[in-house]
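The task is simple: from the sequences and hints, build the whole structure.
Chains as they are written, first to last, in this note's numbering: chain A, 59 to 440; chain B, 1262 to 1597.
Heads up, a few of these hints could be off.
Cβ-to-Cβ under 7 Å is the rule here; a few derived chain B residues that face chain A [said to hold, decoys possible]:
1. 1325
2. 1361
3. 1364
4. 1418
5. 1519
6. 1534
7. 1582
Pairs of lysine to aspartate or glutamate, DMTMM-like flavour, derived with a Cα cap of 25 Å [said to hold, decoys possible]:
8. A:97 - A:188
9. A:298 - B:1337
10. B:1302 - B:1291
11. A:298 - B:1556
Here are the simulated distance ranges between beta carbons [as the list claims (entries may be wrong)]:
12. B:1402 - A:67: 37 to 47 Å
13. B:1503 - A:204: 49 to 59 Å
14. A:332 - B:1361: 56 to 66 Å
15. A:332 - B:1295: 50 to 60 Å
By construction, these hints were calculated from the structure, which means they are not laboratory data. Glycine residues also receive a C-beta, built at the ideal position from the N, C-alpha and C atoms.
If you want the building blocks of each chain, they are given just below.
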Amino acid sequence: MIASARSPLVWVVHLSVILLVLLWTLPTAGLLISSLRDKDQLAVSGWWTALSTSTQSLVYRAPGADKQVEKDGKFVISGNLLEGQSTGQVSAFGFNSREPVAFQPGQTADLSDGEKLTVQADGTFEIVSDKAMEGTRGQRIFYTAAVPPRFTIDNYIEVMRAEGIGASFINSLTVAIPSTIIPILVAAFAAYALAWMKFPGRAILIAVVVGLLVVPLQMSLIPLLKLYNGVGAFLGVPAKTYVGIWLAHMGFGLPLAIYLLRNYMAGLPREIMESARVDGASDFDIFVKIILPLSFPALASFAIFQFLWTWNDLLVAMVFLGTGNDSLVLTGRLVNLLGSRGGNWEILTASAFITIIVPLIVFFSLQRYLVRGLLAGSVKGG
Amino acid sequence: MQQLLFAVTTMAAGVLACVAYFYGTNWILDRIFPSKGLTGKVASRNLRITNTIRPWLFLGPAMVSLTIYLIYPVIESVWLSFHDKSGQAFVGVSNFNWMINDGEFRQSIYNNFLWLLVVPAAATFFGLIIAALTDRIWWGNIAKTLIFMPMAISFVGASVIWKFIYDFRPEGSEQIGLLNALVVAFGGSPEAWMTLPFWNNFFLMVILIWIQTGFAMVILSAALRGIPEETIEAAVIDGANGLQIFFKIMIPQIWGTIAVVWTTITILVLKVFDIVLAMTNGQWQSQVLANLMFDWMFRGGGDFGRGAAIAVVIMVLVIPIMVWNIRNAAKEMEGR
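In structure tokens, the structure reads:
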């Protein structure tokens, strides 16, 4: 746009945009990488070190005295500290929790009562004693090992099975899909009436819709909670049902839906409708056969908005669906996990990623419509 | 599985009921007052009647829904704010009296004003900068998509993402939170950021700014592209440099859009709830109005009077923006 494309300033622009993009993507990238790491590694090193070998302080309990074998007149217990992880490297070891790094690999540590402990860098160890060892509890060996990076989907399997994320995922779908589809139809008819039909009070109704756009949800919560409890008691049904939350999401989504769709429909050429009317079509025919197909971009925009909003919503779900274990949606489940599993990052990261993956897919595949909807909703009068 | 089946069935039923309503009522209307195939007085009378009734058939469901879910609750909330915790006995302004003297409420108001000062300004500022910068490079659209992405992430999801960044381990052990790792790398000592009164507000605000910058960027970028080329060319000919063009030619032409972005984010800030609930739940002096209101809805069995009173405060803060929006919309309608 500006004719300075060849100046050194361009490099400044490139660099600052790279920096900004990093700032905006690294947090999410960190979450994704962490959720795929082994949970022991995740707990002791930052995700940015995920590709490098990590150093961990670990404890191993050697087998008890019943596993000792007699060799050349000595009694020996042997094994490998790094069972199953053939590529690790032991860098230090000890037999006492106060001095876990007292010895280097290859050295021999004198345990009490004449036992000697030797640990090699590859993890093999030997406990040697002149007389038969006793006791069923084996010697504890503290060691520091360099463990190669390990990536796994175990975290995801665990949260889907044990933490109720799988059930919540279905709950979220059950809330979000009907809450997206039903308001579109209702709003489209209303938007057409407000855009193209003539009746007294039209301007006032439009003003009301614009005013309702910004009414905070908080105003609705308590009266509706009372209303739902009353209706539930009156009809003898539970107050917290999916139908209830669908209707609530519809009510809260309607102002934006009507506003967006009305703006779009009002911009359609008048000639189309007039020629159809001359041909004897009623408003209903015009709407269904002409306006609805033409409004597809606006309908898609609103559908994406409403889906993202209902999927990501926490407040409405907590109030109208409750916080019972069976009725938690993904966002509510995540808040619960933050409370109960606050330090277990392998669970939190995997759960969070499952929560955000659906909106991200919607976002990346339908971004065009999302942008269009935002522009229609916000840039008034161009 | 059963639940999915239930969802699909009810969804189909809901949509069908909707379609049936619109088709049915319109069909009935055309039956009672037929105009097709008739001529003369009857036809024109019937046409007039159907044209009077039909808008209300179209608007009906939306109006009922808006009335039940938004208009009635606003009135009821105001009414409840003058009543006691069960909503039965009239207590005058005592809920508001309690509010003014309540330390937690004052803290929330104070924090909310901090949020209102910082978040809309920061998000709009970053959005504008990024929009202006990405317009000039070939990979600008990719950069925009990536910066826009947090928009799709829920506030709770974003809270987990950032809680991970703010994670704190005692000094000496390896930090797995990015922020503390950076602090330690530069020779500082790690902090439990969430527990620092006053400053923790800003760490929470970062999350909302992170989410909302993409929104500001998309809209401001469209506005920047809508600026007539001639004005910029004229400035170039007059010898203005890049910064002068940006601040003196481009910004003044998009003031209206900046205002829209600013007010939209302002309204969002007033309603911010999820982030505070997930990150601190109002501890360490980070409470905000929306979370306090939610708290009072259920605290001690629920105090509807106080909860409604806090909601009314939020509403009052929104009203100026509401009036401004309505006036703008009215102006636009006249122009048509």
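Hints and how they fare:
1. Below 7 Å, beta-carbon pairs count as interface contacts, and residue 1325 of chain B has none with chain A, the closest being about 9 Å; its hint is therefore violated.
2. For residue 1361 of chain B, the suggested interface contact is broken, since its CB lies about 19 Å from the closest CB of chain A, more than 7 Å.
3. Because the closest C-beta pair between residue 1364 of chain B and chain A is about 21 Å apart, greater than 7 Å, the hint is violated.
4. A distance limit of 7 Å between C-beta atoms decides the matter here; for residue 1418 of chain B the minimum to chain A is near 4 Å, and the interface restraint holds.
5. Below 7 Å, beta-carbon pairs count as interface contacts, and residue 1519 of chain B has none with chain A, the closest being about 11 Å; its hint is therefore violated.
6. Below 7 Å, beta-carbon pairs count as interface contacts, and residue 1534 of chain B has one with chain A at about 6 Å; its hint therefore holds.
7. A least Cβ separation of about 6 Å between residue 1582 of chain B and chain A falls short of the 7 Å threshold, and the interface hint therefore holds.
8. Taking the CA atoms of residue 97 of chain A and residue 188 of chain A, the gap is about 41 Å. The hint is violated against a cut of 25 Å.
9. A C-alpha spacing of about 20 Å is found between residue 298 of chain A and residue 1337 of chain B, which places the hinted pair at or below 25 Å, so the restraint holds.
10. The straight-line distance between the Cα atoms of residue 1302 of chain B and residue 1291 of chain B is roughly 17 Å, inside the 25 Å bound, and the hint therefore holds.
11. Under the criterion of a C-alpha separation no larger than 25 Å, the hint pairing residue 298 of chain A with residue 1556 of chain B is consistent with the structure, at around 19 Å.
12. Remark: the range hint 37 to 47 Å for residue 1402 of chain B to residue 67 of chain A is contradicted by a beta-carbon distance near 21 Å.
13. The hint said 49 to 59 Å for the Cβ distance between residue 1503 of chain B and residue 204 of chain A, and at roughly 51 Å that hint holds.
14. A hinted range of 56 to 66 Å holds for the C-beta pair residue 332 of chain A and residue 1361 of chain B, which are about 59 Å apart.
15. Between residue 332 of chain A and residue 1295 of chain B the beta carbon distance is about 22 Å. The supplied range of 50 to 60 Å is therefore violated.
Violated hints, listed in ascending order, are 1, 2, 3, 5, 8, 12, 15; each of the other numbered hints is respected by the structure.
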